[in-house]
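**Student:** Now for the letters of each chain:
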Amino acid sequence: MPKYILLLHETPGDFAHLSPEQMQAIVEKYSAWLGGLQAAGRMAGGEKLKDDGGLHLRRADRTTGQLAIQDGPYSETKEVLGGYFLIEAAGRDEAVEIARGCPHLENGWIELREIDPTA
Amino acid sequence: MTDVPGLVDHLFRHSAGQLVAALTRRLGAENLQLAEDVVQEALVKALRTWPFHGVPANPEAWLAQVARNAALDALRRDSSLARKREAIESWLEVRRPQLSEPASECDAIEDDELRLLFLCCSAGVPPDARVPLALKTAGGFSAAEIARAFLAREAAIAQRLVRAKQRLRAAGPDLALPATPDLPAALDAVLQTIYLTFNAGYAAAEGEDLVRRDIALEAVRLARLVAGHPRTGTPKAHALAALLLLQAARFPTRLDAQGEILLLEDQDRSRWDRGLLAAGLRHLESAGRGADITPYHLEAGIAAAHAVAPSAAATDWRRILHLYDALLAENPSPVVALNRAVAVAQADGPGAGLDALEAVRHHPALQSYPLLHGTRGELLLRLGATLEAAASFRAALALATPEPLRRRLAARLAACAGPDEN
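From first to last, the protein sequence lines are chains A and B.
Counting from 1, position 50 in the first sequence corresponds to residue 50 in the working numbering; the numbering is continuous, with no gaps.
Counting from 1, position 404 in the second sequence corresponds to residue 523 in the working numbering; the numbering is continuous, with no gaps.
So here's chain B without its partners, still in its complex pose:
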């Protein structure tokens, strides 16, 4: 036995996505489940073989080889699949183990993944199944992991996945990027799915679960994949990639060493991920090449204003407020209005912020939203209205579930009792 080299982070998960994409491309969309089964079989084989003689020199190639053989076995067992044989066999030629993959090979892998992503977001798939399906097939997450991140029951997620795959089997859609006339609508559905994936992971990251952060980072990867392809890399796609990268760059500083939430103003900006920030700003530049300003552009602009500010105090709140005004005009949602109120408070003081908040305070959609009450409490506290602030923090606490958020709110409630003690 030889020394066992370490594995690249998430190698199994990323290989699973790539292999499912490559196999689905060759077996057809109707055989998505078969592709997943074959890949799972290959991963299990690795898990049960590698411990004895170590990880092979090229683990990705090993997995591809075993998945291919398992697919050929499946074709042998099912005569209706015989005509897929050539496609799988020719894959062998492409995937021969090599130390450095030529660029064209990487393109082929990414192309397969992109097709799979469009399939997951195609019209036949119910909208509430798109995020789980993309995470399961392209992302390599299990139904249990997806359920945990979405605070859903595993059986409910599994059922959504089964139903989506049944629809795909019945429809038997082409596994190709949509033709040019259909591309914008299909691309919108893909971008929307990626955006929702990120938000689910990002919001829930406050629940102290690494899987959720991995889900948000998977959304970042998919957004970059879409933005990087010549046919799908529209300004809107670049804007989404910029937005997600700029937000993800702040992951390292969202919680302090004790796992408590750190607000933007308290975060150590020197620990923001410079590589992700730079990539985000590059995508934002590419996003500006078109005539359209989409909500993704505006949200990315807000994220960028934070990202380039050397300190919380030096943040250009006036610019952020302008962007929120535009965003609210584009998307008059109460959550956007709430965030805009925070920008008003920073630009024009807590009193003006409270006035802005008053306009949406009684919106029914916000009544179960802890951050409405938390924000209001914060502004009232800054104005010295400690009794009212305390009532707001209590209302927020009654609604909030993630533990770090609860601790943060409890600390703010305590601050209401003795604002002058420090």
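So that you can see chain A by itself, here it is in the shape it has in the complex:
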């Protein structure tokens, strides 16, 4: 079955205004969404990424192979790639349906990419 990755884009600062009750409601929606996907055998994994902007690595010098390593830009008010889910779906339509139900959409947006099956 084709695999898709849901890349979760969000702005961490946007969560600060949520009330505890609203946060719990979102957690509960996630529980229901995840539970449904697990029961249907569609969930293949997922991880949250750290909120530090990570590192940007580029080859600075082709001959010596020296790396230039920079801190990724990070601030609470800047959009980041916050995490991902890996799912299985019969096709693009089903993948979109699954992503549509993802509670991440309440506070961010999702980049849906198919894992290239020919690779």
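Simulated from the structure, these hints should not be mistaken for lab results.
Warning: the hint list may mix true and false statements.
[Said to hold, decoys possible] Result set (DSS-like, lysine-lysine): computed pairs, CA atoms no more than 25 Å apart in a straight line: (1) B/K203 <-> B/K164; (2) A/K29 <-> A/K3; (3) A/K50 <-> A/K29; (4) B/K164 <-> A/K50; (5) A/K48 <-> A/K78; (6) B/K164 <-> A/K29; (7) A/K50 <-> A/K3; (8) A/K3 <-> A/K48; (9) A/K29 <-> A/K48; (10) A/K78 <-> B/K164; (11) A/K78 <-> A/K50; (12) B/K203 <-> A/K48.
[Claimed, not checked] Which stretches of chain B does chain A cover? Using the computed rule of at least three CB atoms under 8 Å from a CB of chain A, they are: (13) 165-176; (14) 246-255; (15) 258-264.
By construction, the Cβ of each residue, glycine as well, lies at the ideal position given by its N, Cα and C atoms.
Put chain B on the given structure of chain A with help from the hints.
**Tutor:** Then chain B, alone, in the frame of chain A:
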């Protein structure tokens, strides 16, 4: 990934209150804002972490742990807070995750919450900020939710909260239950705040908003907390807890399936919450142990008379009327007089009720009160004075804003047109 267990209702909100209380106790009243920030940070972290691997086995302990670490980070950043370090670190020992919390630990949590509640109602906090501050810090409601329930602008509530916290920071009061000589006055302020919190939630619950019911139920929780503590559980505190529990027991039946208001006489009494009723009656018994009869006693007595009546027709209105007489003597407010008029009408007929109403009908404080006109319309309708009744319902409609109340009044107005058709 494993299956995600469900969360206890309001776990985030209740944990927020408990953690703010525990942190404020250790960081000092002047750092209330820091405690709130640290707790919010922990909740956001849960929101952004739990979706990937599920809710941890002990979510409360997880939140406490993360809040503690965030507090330690804050102490590291601010050297003026360094001396609080030991207090926060020792909290780690207390809050180690455990499956069943020993009783002493629950006591410690409740003790912290009680201290926070007294702080919110202390002399330094302006009276109009006490209800919002208690709801925000001890109750875990957001400024936006509080504003919605109070029909206020969020910015106005937020400003009241900021000002209250500035006052607390300047005064740096002790976060302790007041010493014995000061306790009665401080306790009165706490009880008054809880009473107003409940009323705001209860009255506004007619606005079809769950947050408002949650606010009223938070007031019930706080009242039980105060009544349950050996130092603050006075007869007056028990009377307030009884009153709020007995009223809250009727929540399930206040609206019908279509969201229309059901008056007491039309409510399905089998759906009243038996657990809350029983708890209310127990508190009322404890309230009777002192010599004082406070307005809370009288109001709780009225609520109890309704609660124990097997049907609307079997209600002991004579007893309710006596209690209203005493309440009016204690608190000569026009709203109490209006409610007393309803009891008069039930005990002695609509004519006597109208006579009682006449005495307060022109009181300036009641002119914008839709229930004055609604009640008068009801009594006139029962007497068959349909034209006058219709005029009263129209006057009530012109003043009422909550939708279910408006629909109820409109239905009563329609009944004036054809009282004999059914």
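**Student:** All hints, please: hold or fail.
**Tutor:** Quick rundown of the hints versus the structure:
Simply put, B/K203 and B/K164 have alpha-carbon atoms about 24 Å apart, close enough for the 25 Å limit, and the pair holds. In summary, the hint linking A/K29 to A/K3 is supported, as the alpha carbons are separated by about 23 Å, within the 25 Å threshold. Between the alpha carbons of A/K50 and A/K29 the distance comes to roughly 22 Å, so the proposed pair stays at or under 25 Å and holds. Proximity of B/K164 to A/K50 is assessed by CA-CA distance (about 11 Å); at most 25 Å being required, the pair is judged to hold.
Of the pairs offered as hints, the one joining A/K48 and A/K78 holds, with about 17 Å between alpha carbons and a cut-off of 25 Å not exceeded. Simply put, B/K164 and A/K29 have alpha-carbon atoms about 16 Å apart, close enough for the 25 Å limit, and the pair holds. Distance check on the hinted pair: A/K50 and A/K3 sit about 24 Å apart at the alpha-carbon level, within 25 Å; holds. Only pairs whose Cα atoms come within 25 Å are accepted, and A/K3 paired with A/K48 is accepted, the gap being roughly 19 Å.
Pair hint A/K29 plus A/K48 holds up; C-alpha atoms about 17 Å apart against a cutoff of 25 Å. Taking the CA atoms of A/K78 and B/K164, the gap is near 17 Å; set against the 25 Å cutoff, the hint holds. Restraint check for A/K78 and A/K50: satisfied, since their Cα atoms lie roughly 14 Å apart, inside the 25 Å limit. Of the pairs offered as hints, the one joining B/K203 and A/K48 is violated, with about 32 Å between alpha carbons and a cut-off of 25 Å exceeded.
With 9 residues carrying a beta carbon less than 8 Å from a beta carbon of chain A, the segment 165-176 of chain B meets the three-residue requirement, and the given coverage holds. Only when three residues or more bring their CB closer than 8 Å to a CB of chain A does the claim for the segment 246-255 of chain B stand; here the count is 0, and the claim is violated. Taking a C-beta to C-beta cut-off of 8 Å, the segment 258-264 of chain B contributes 5 residues in contact with chain A, enough for the three needed, and the coverage statement holds.
Hint compliance for this structure: hints 12, 14 are not met, and every other hint is.
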